[in-house]
Amino acid sequence: MEMVPIRDGFILAGALFALGLIGVLVRRNVIFILMSLEVMLNAAGLAFVVAGARWGQPDGQVVFLFILAMAAAEVSVGLALVLELYHQYKSLDTDAVSRMKG
Amino acid sequence: MTIVFYVASAVAIVSTALMITRLHAVHALLYLIVSLLAVSVVFYTLGAPFIAALEVIIYAGAIMVLFVFVVMLLNLGEQAARAERALLKPSMWTGPLILAAILMAEFVYLLTAGSSGRFGGAMIGPRGVGASLFGPYLIGVELASMLLLGGLVGAYHLGYRKAPKPEVG
Numbered sequence: 000m001e002m003v004p005i006r007d008g009f010i011l012a013g014a015l016f017a018l019g020l021i022g023v024l025v026r027r028n029v030i031f032i033l034m035s036l037e038v039m040l041n042a043a044g045l046a047f048v049v050a051g052a053r054w055g056q057p058d059g060q061v062v063f064l065f066i067l068a069m070a071a072a073e074v075s076v077g078l079a080l081v082l083e084l085y086h087q088y089k090s091l092d093t094d095a096v097s098r099m100k101g
Numbered sequence: 000m001t002i003v004f005y006v007a008s009a010v011a012i013v014s015t016a017l018m019i020t021r022l023h024a025v026h027a028l029l030y031l032i033v034s035l036l037a038v039s040v041v042f043y044t045l046g047a048p049f050i051a052a053l054e055v056i057i058y059a060g061a062i063m064v065l066f067v068f069v070v071m072l073l074n075l076g077e078q079a080a081r082a083e084r085a086l087l088k089p090s091m092w093t094g095p096l097i098l099a100a101i102l103m104a105e106f107v108y109l110l111t112a113g114s115s116g117r118f119g120g121a122m123i124g125p126r127g128v129g130a131s132l133f134g135p136y137l138i139g140v141e142l143a144s145m146l147l148l149g150g151l152v153g154a155y156h157l158g159y160r161k162a163p164k165p166e167v168g
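Protein chains in written order, with numbering that gives the first Met the number 0: chain A, 0 to 101; chain B, 0 to 168.
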């Protein structure tokens, strides 16, 4: 069996990253923004794994593990912030917090 | 093997596109989980079975459980029961179900295909990843543990609420 061409793997990673970016830019619900961030991180990790598979080295998978740890830390702090936002403003709209204090 | 990659890629892109266009967070979460499962199949076809398993366990398992937990936590209120009934309409979960069924068919195909379903290049299993992770990348592992500790402390600090002062007298 032949290998998957590296170009197609990168096209998939780029498409997923672009969809996540569109989600971050278009949606105003902070939960959707966090989910789109997860998609973008996942697409970046996919690019690393594709490149690692192309050269047969484990380094791409190692970097994906680091991205996984970073995503877990990011989502725990992010969701704590979402809960705090909801308790203060009773809303998940990011426009509600667009003004700074002072 | 390559056809499995292309079908899983199509499922990933379609479910992600449907995810960012949903109006309700729970429906978007269903599509996001299907998208992560599809990317997991893509990892398997790229010769990374360990990463494919971690994608399912940590992303689609742990992180998505956090999301579902928070969404359900913010869903409290008098109309929660009505919203719950609307959430569980069959038309809402047939889309993710169909996409997940495609992934399931690919899974069965990979298990039963035998040698023709084998990956063409060098399959890098947990052994290679672990040897590299705890060899040249050891300092990265330590830094990741510091980052996770920081995330834990930060989430605890943000979620901490002061107990109301007891009334005296």
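Because the hints were derived from the structure by calculation, they are not lab data. Treat each hint with caution, since some may be false.
To be verified - Footprint (simulated), chain A over chain B, 3 or more residues, beta carbon under 8 Å: (1) 2-13; (2) 17-27; (3) 30-37; (4) 40-48; (5) 93-105; (6) 123-131; (7) 146-154.
Cβ atoms here follow ideal geometry from the backbone N, Cα and C, with glycine treated the same way.
How the hints compare with the structure:
1. Evaluation of the coverage hint for the segment 2-13 of chain B: fulfilled, as 5 residues show C-beta separations to chain A shorter than 8 Å, against a requirement of three.
2. For the segment 17-27 of chain B, the proposed coverage by chain A is satisfied: 4 residues have a C-beta within less than 8 Å of a C-beta in that chain, meeting the threshold of three.
3. Closer than 8 Å: that is the beta-carbon criterion, and the segment 30-37 of chain B has 3 residues meeting it against chain A, so the requirement of 3 holds.
4. Under a criterion of three residues with beta carbons nearer than 8 Å to beta carbons of chain A, the stated coverage of the segment 40-48 of chain B is upheld, 6 such residues being counted.
5. Counting residues of the segment 93-105 of chain B whose beta carbon lies closer than 8 Å to any beta carbon of chain A gives 0, which falls short of the minimum of three for the stated coverage.
6. Interface restraint, the segment 123-131 of chain B with chain A: holds (5 residues with C-beta to C-beta distance below 8 Å; minimum three).
7. Three residues within the 8 Å Cβ limit are the bar, and the segment 146-154 of chain B against chain A gives 7, so the coverage statement holds.
When each numbered hint is compared with the structure, a violation occurs for hint 5 only.
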